[in-house]
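Participant: What follows is the residue order along each chain.
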Amino acid sequence: SQQGEEDPQALSIQEGENATMNCSYKTSINNLQWYRQNSGRGLVHLILIRSNEREKHSGRLRVTLDTSKKSSSLLITASRAADTASYFCATDEQGGTSYGKLTFGQGTILTVHP
Amino acid sequence: DTEVTQTPKHLVMGMTNKKSLKCEQHMGHRAMYWYKQKAKKPPELMFVYSYEKLSINESVPSRFSPECPNSSLLNLHLHALQPEDSALYLCASSPRDPNSPLHFGNGTRLTVT
Numbered sequence: 001s002q003q004g005e006e007d008p009q010a011l012s013i014q015e016g017e018n019a020t021m022n023c024s025y026k027t028s029i030n031n032l033q034w035y036r037q038n039s040g041r042g043l044v045h046l047i048l049i050r051s052n053e054r055e056k057h058s059g060r061l062r063v064t065l066d067t068s069k070k071s072s073s074l075l076i077t078a079s080r081a082a083d084t085a086s087y088f089c090a091t092d093e094q095g096g097t098s099y100g101k102l103t104f105g106q107g108t109i110l111t112v113h114p
Numbered sequence: 001d002t003e004v005t006q007t008p009k010h011l012v013m014g015m016t017n018k019k020s021l022k023c024e025q026h027m028g029h030r031a032m033y034w035y036k037q038k039a040k041k042p043p044e045l046m047f048v049y050s051y052e053k054l055s056i057n058e059s060v061p062s063r064f065s066p067e068c069p070n071s072s073l074l075n076l077h078l079h080a081l082q083p084e085d086s087a088l089y090l091c092a093s094s095p096r097d098p099n100s101p102l103h104f105g106n107g108t109r110l111t112v113t
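Chains A and B are the protein sequences, given in the same order. When you line the first sequence up against the working numbering, it's residues 1 to 114, in that order. When you line the second sequence up against the working numbering, it's residues 1 to 113, in that order.
The hints are simulated quantities; they were obtained by calculation from the structure and are not laboratory data. Since the structure is predicted, the reported quantities are computational estimates derived from the model, not experimental observations. From the three backbone atoms N, C-alpha and C, an ideal C-beta is built for every residue, glycine too. Careful: at least some of the hints might be erroneous.
[As the list claims (entries may be wrong)] List of simulated lysine-lysine pairs, PhoX-like, C-alpha gap at most 20 Å: (1) A:Lys-56 x A:Lys-69; (2) A:Lys-56 x A:Lys-70; (3) B:Lys-9 x A:Lys-101; (4) B:Lys-9 x B:Lys-38; (5) A:Lys-69 x A:Lys-26; (6) B:Lys-41 x A:Lys-101; (7) B:Lys-53 x A:Lys-101; (8) B:Lys-53 x B:Lys-22; (9) A:Lys-101 x A:Lys-70.
[What the hints assert, rightly or not] So these bits of chain B aren't anywhere near chain A, every CB distance computed over 10 Å: (10) Met-13; (11) Lys-41; (12) Glu-44; (13) Glu-52; (14) Pro-69; (15) His-79; (16) Leu-102; (17) His-103.
[Stated by the list, open to error] According to the in silico footprint, chain B covers these stretches of chain A (three or more CB under 8 Å from chain B): (18) 27–33; (19) 36–44; (20) 77–84.
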C-alpha cells in the first residue's frame with residue numbers, strides 16, 4: 001500500500017492565490033520530502049523536513065509536519081502560472097531495513113491560471 | 001537542466017529487442033536509483049545501488065537488469081519486455097546520507113510495441 005496519500009488529487013487556482021496540499025503517511029519516518037514534476041519531466045526536490053522539525057520555509061514554500069497525526073502540508077504562497085505541476089510528498093521510513101527507500105504519495109496536480 | 005543525465009530521452013522497442021538505458025552523474029553521489037513511473041501515478045522504486053553494489057531490488061522481473069559499472073554510471077538493461085512495461089524510467093542519485101534529497105534525471109520515455 002502507498003505510504004503517502006495526498007489530497008486534493010487536483011487543485012485549480014488563480015495566479016496570486018495560495019495553494020495548500022496535504023500528505024498523510026502510515027509509519028514512523030526519518031524525514032518527509034516534497035518534489036515537483038512538470039509534465040513528462042523528472043522530479044525536482046523542493047524541501048525536506050526532518051522528523052524532529054515542525055515547520056520549514058523556503059522562498060514561497062512553507063511545509064509543516066505533524067508526526068502525531070502522521071501528516072504534512074505544503075503551502076505555496078502567491079502562486080504563479082509557472083507553479084503548474086504535479087507535487088509529490090515522499091517519506092523515508094525510520095528504522096527501515098533498506099537504506100534509500102523513498103516512498104512517494106499519489107500526488108496533487110496543481111493548475112495555476114494566469 | 002539537471003545534473004543527472006539520462007539517455008536516450010525516448011525509446012521505442014519491440015518485445016524481442018534488447019536495449020539499455022543509461023544514467024550518469026558527476027556529483028560524487030554514492031547512491032543511485034531506478035524508478036518507474038506510469039502515467040498519472042507516483043514513481044515506484046525498482047533498484048538502489050549503494051557504493052556500486054545492489055542494495056535494494058523491489059522484486060523487479062528479471063527482464064530488467066541493472067548494472068553500476070562505476071560510481072558515476074548506472075545502466076538498466078532491457079530484454080523481452082512487455083507492452084505494460086511502457087513507462088517513464090527515472091534515474092536518481094543522492095549522497096549516502098539519510099537526510100539528503102534525491103536528484104532526478106529527466107527520464108527515458110519507453111514504449112514497448
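Participant: All hints are to be evaluated individually against the structure, with a verdict given for each.
Facilitator: For each hint, the structure was consulted:
1. A:Lys-56 x A:Lys-69: Holds, because 17 Å separates the two Cα atoms, which is no more than 20 Å.
2. A:Lys-56 x A:Lys-70: Measuring from Cα to Cα gives roughly 16 Å; hence the hint holds.
3. B:Lys-9 x A:Lys-101: 25 Å, violated
4. B:Lys-9 x B:Lys-38: 16 Å, holds
5. A:Lys-69 x A:Lys-26: 9 Å, holds
6. B:Lys-41 x A:Lys-101: The given pair, whose Cα atoms are some 18 Å apart, holds under the 20 Å limit.
7. B:Lys-53 x A:Lys-101: 15 Å, holds
8. B:Lys-53 x B:Lys-22: 17 Å, holds
9. A:Lys-101 x A:Lys-70: Holds, at about 18 Å.
10. Met-13: Since the minimum Cβ distance to chain A is about 19 Å, B:Met-13 lies beyond 10 Å and the statement holds.
11. Lys-41: 8 Å, violated
12. Glu-44: About 8 Å separates B:Glu-44 from the closest Cβ of chain A, which leaves it inside 10 Å; violated.
13. Glu-52: 14 Å, holds
14. Pro-69: 19 Å, holds
15. His-79: Non-interface label on B:His-79 holds, nearest chain A Cβ at 25 Å vs cutoff 10 Å.
16. Leu-102: With a cut-off of 10 Å, B:Leu-102 comes too close to chain A, as the shortest Cβ separation is near 7 Å.
17. His-103: It is violated; B:His-103 is separated from chain A by about 7 Å at its closest Cβ, not greater than 10 Å.
18. 27–33: With 3 residues in contact (Cβ-Cβ under 8 Å with chain B), the coverage given for the region 27–33 of chain A holds.
19. 36–44: holds (count 5)
20. 77–84: Our answer is that it is violated, as 0 residues pass the Cβ test (under 8 Å) against chain B, missing three.
This entry does not satisfy hints 3, 11, 12, 16, 17, 20, going by the numbered hints stated previously.
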